[in-house]
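A.B. asks: Here is what each chain is made of, one letter per residue.
Number of protein chains: 2
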Amino acid sequence: MSKTTIPYKIYLSECEMPKQWYNVRADMKHKPAPLLNPGTLQPMTAEELSGVFCTELVKQELDDTTPYIDIPEEIIKFYKMYRPSPLVRAYCLEERLKTPAKIYYKFEGNNTSGSHKLNSAIAQAYYAKQQGLKGVTTETGAGQWGTALSMACSYFDLDCKVYMVKVSYEQKPFRREVMRTYGAVVTPSPSETTEVGRRILAEHPGTTGSLGCAISEAVEAAVSAEGYRYVLGSVLNQVLLHQSVIGLETKAALDKYGIVPDMIIGCAGGGSNLGGLISPFMGEKLRGERDYQFIAVEPASCPSFTRGKFAYDFCDTGKVCPLAKMYTLGSGFIPSANHAGGLRYHGMSSTLSQLYADGLMEARTAEQTSVFEAAEQFARVEGILPAPESSHAIRVAIDEALKCKETGEEKTIVFGLTGTGYFDMVAYEKYNNGEMSDYIPTDEDLQPGFDSLPKL
Amino acid sequence: MSKTTIPYKIYLSECEMPKQWYNVRADMKHKPAPLLNPGTLQPMTAEELSGVFCTELVKQELDDTTPYIDIPEEIIKFYKMYRPSPLVRAYCLEERLKTPAKIYYKFEGNNTSGSHKLNSAIAQAYYAKQQGLKGVTTETGAGQWGTALSMACSYFDLDCKVYMVKVSYEQKPFRREVMRTYGAVVTPSPSETTEVGRRILAEHPGTTGSLGCAISEAVEAAVSAEGYRYVLGSVLNQVLLHQSVIGLETKAALDKYGIVPDMIIGCAGGGSNLGGLISPFMGEKLRGERDYQFIAVEPASCPSFTRGKFAYDFCDTGKVCPLAKMYTLGSGFIPSANHAGGLRYHGMSSTLSQLYADGLMEARTAEQTSVFEAAEQFARVEGILPAPESSHAIRVAIDEALKCKETGEEKTIVFGLTGTGYFDMVAYEKYNNGEMSDYIPTDEDLQPGFDSLPKL
Chain A
1 MSKTTIPYKI YLSECEMPKQ WYNVRADMKH KPAPLLNPGT LQPMTAEELS GVFCTELVKQ
61 ELDDTTPYID IPEEIIKFYK MYRPSPLVRA YCLEERLKTP AKIYYKFEGN NTSGSHKLNS
121 AIAQAYYAKQ QGLKGVTTET GAGQWGTALS MACSYFDLDC KVYMVKVSYE QKPFRREVMR
181 TYGAVVTPSP SETTEVGRRI LAEHPGTTGS LGCAISEAVE AAVSAEGYRY VLGSVLNQVL
241 LHQSVIGLET KAALDKYGIV PDMIIGCAGG GSNLGGLISP FMGEKLRGER DYQFIAVEPA
301 SCPSFTRGKF AYDFCDTGKV CPLAKMYTLG SGFIPSANHA GGLRYHGMSS TLSQLYADGL
361 MEARTAEQTS VFEAAEQFAR VEGILPAPES SHAIRVAIDE ALKCKETGEE KTIVFGLTGT
421 GYFDMVAYEK YNNGEMSDYI PTDEDLQPGF DSLPKL
Chain B
1 MSKTTIPYKI YLSECEMPKQ WYNVRADMKH KPAPLLNPGT LQPMTAEELS GVFCTELVKQ
61 ELDDTTPYID IPEEIIKFYK MYRPSPLVRA YCLEERLKTP AKIYYKFEGN NTSGSHKLNS
121 AIAQAYYAKQ QGLKGVTTET GAGQWGTALS MACSYFDLDC KVYMVKVSYE QKPFRREVMR
181 TYGAVVTPSP SETTEVGRRI LAEHPGTTGS LGCAISEAVE AAVSAEGYRY VLGSVLNQVL
241 LHQSVIGLET KAALDKYGIV PDMIIGCAGG GSNLGGLISP FMGEKLRGER DYQFIAVEPA
301 SCPSFTRGKF AYDFCDTGKV CPLAKMYTLG SGFIPSANHA GGLRYHGMSS TLSQLYADGL
361 MEARTAEQTS VFEAAEQFAR VEGILPAPES SHAIRVAIDE ALKCKETGEE KTIVFGLTGT
421 GYFDMVAYEK YNNGEMSDYI PTDEDLQPGF DSLPKL
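Protein sequence lines, in the order shown, are assigned to chains A and B. Those letters in the first sequence? Residues 1 to 456, per our numbering, in order. Those letters in the second sequence? Residues 1 to 456, per our numbering, in order.
Think of the hints as simulated: they come from the structure by calculation, not from any bench. The structure presented is a predicted model; accordingly, all values stated were derived computationally and were not measured. Beta carbons: idealized from backbone N, C-alpha and C, even for Gly. You may find that some hints are simply not true.
What the hints assert, rightly or not - Quick look at which bits of chain B chain A covers, simulated, 3 or more residues with Cβ under 8 Å:
1) 171-180
2) 378-389
What the hints assert, rightly or not - Per the computed footprint, the stretches of chain B lying under chain A, defined by three or more beta-carbons under 8 Å from a beta-carbon of chain A, are:
3) 202-212
4) 299-311
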């Protein structure tokens, strides 16, 4: 199909939007390892999990055989407010790079939460409402997930308590106000409001916090209050399931124009975007229908895929959560304070970890100055100010497009542009002022995290 | 046509995008009064104007007879990166309001500048580039225009010098960083870098600045440097021409589904969005083809349409610019520091002023707490955090929808949602904390501004 017939932005019509989520685990030969009860070290049962999560979400968490799960009507209705998201052909970027590669990005930032997180937030809030709960608790790092959940809870009139990693709380005061505008209560973590928070503050006075620590607080806040459950924006199987809407839309848009990607690139923190984006394509690969190259990109300063261990670990710092088998830097790992690019979680989705262990996908790291360089280059030609997280994917997409320029290959590259950087201007300012530096942890730097791994 | 057949978001396809701008002046019986030379008080000639503006833009500024003007290919290409913008059916808002009214909004915030301003910025940068200029200078208030122009200049490799109203510069440091990310040089106004800035600082030490003052500085910076011209984001005829793309897309989207609006509502600062949105509909009204109700909404604290005088006035505080005939509060008017909602300009587009004087449109004021109340209500159900400016239109759209609820009328309401509020969280915080107050100037408060009007 000739260049001119492919528009800058491919939008699906409403009737082309997915009606079902796709559960990639159903097609995996090696299923992701189950969550373990931290007390008994036995696989968590549905009953045990339902003290923490909504019942329907527990069902989704444990279901590794059903390939397609209906999206409830109420959620489809909400999706229609900000979806389908555009699949954009990066004509201007291609032109600047003078590359024969064809670059597409699935842009998930055109909603107030500024990222893809809303796709799962609305689903989790919906099931909480269905179950007659009063509210939910959660953690947030950069604030995208907390904002998304606040929006979703406000839509369904649910209480929303957000524990926000302290460093982000301080660097991103405006994020807090967006959440408050949607009615959420936001607490910097670690805080004095929970037992685990008080313990962590006593052990590490002056800590800037971590996602793992905020998770512990949010879980405690949920289980110690009547009518509350905990919700999580990444890592979990249920989240990847909801996020499959990204990949399903991407695939439908590509299919519409007969485009077959050679490689699909996504940034990876806990894996929610990457897992969602690649799911249906990975399904084809798992079923032997078609091969694709999948590339996860993570920060050099938080390299769970590339330098972590594939082991059972706690999902949180306070060790109150179930254990998950995943690529991990250890629940005690806290990224360098110098790190400004998000994707700070110590572990990685069990599903993606299994796929990576099975050699079905690759992973690369990127250093933050080169990530912001790519962000700026992209912003100037494509007109979107990307989130630092998303810019990890941009970095590798540009690198791959430049390789094509050398080899002359006309590869089709698809990457996930997960969100916008409007609330990351402190980091951009640092970059603009030439004050940003890189940090690659030494093996010794990583050792304390590995020492925190449970001995099973 | 039944409700179910109209999607939440109506997107035009690329081939349905406008290829020409519409010049509403061509259909006006009473043409807007010409700009006057501040020295001679005679209409500005093309030659005189071309010292300040690009030659092609001067032509557009003065042309009040050509109804359609081709959009250059390069601009259409840029438009395709972020346009067409969606026309959204506010199903969720309608449901919450329990109104029989049908509410649509044209959402111009899905681009990094966060507003419709990019539509004219890219056009003005294009013509500057065509003319072989080195760069352009401008002023910005809330920062939307400055951001838009920075993006446009970066795309065409033009220098961009932005004078930013000091109060916004201080309240919105992140805006400055977005502009810097796009390579612009941003100076808080009034500044010591221009003669007029120094004079204003001497006369009003401690002033928080005004758009009128920043304009003076930007004009001086342009005319005193080789290869620079001044560009403006609102008020001018050329800007309304470029912004007609909003109205043309809106009309095409409505026509596609056979929808005829009863009323069209837009916020009004200098008039760029409102003028652009209503242009093609106003054209129909002017040609006697169809009648619509047009409503301009302005802040109660900066009421140029509703309480200003229709007179020749300076466009800037420093009185270096041509005089325009418009509804004005006087170039000496500076809104109360308490005012957080944007739309701070003392005057109003000459074109809109003439249409208002001829009774072809209405104007209303809104107080800022009620504007933020509408903003929050909208954000919670429609999922978009609106700019305070845009929220003036939301306020009146909600008011009108509630009237329909009382009368049972099924009116079709279209309003312009000009942008997003991500950089307005200081104001939202004030509102969230219950610290926002209203301010309606007394006649005495307005008198100094009127005293600054030139005696012709």
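A.B. asks: Taking the hints in turn, state whether each one holds.
C.D. replies: Status of the hints after comparison with the structure:
Interface restraint, the stretch 171-180 of chain B with chain A: holds (5 residues with C-beta to C-beta distance below 8 Å; minimum three). Residue count for the stretch 378-389 of chain B with a Cβ under 8 Å from a Cβ of chain A: 7. That meets the three needed, and the coverage hint holds. Counting residues of the stretch 202-212 of chain B whose CB lies closer than 8 Å to any CB of chain A gives 0, which falls below the minimum of 3, so the coverage claim is violated. Figure legend: the stretch 299-311 of chain B, annotated as covered by chain A; annotation inconsistent (0 residues with Cβ-Cβ distances under 8 Å, at least 3 required).
When held up to the earlier numbered hints, the structure conflicts with 3 and 4 and fits the remainder.
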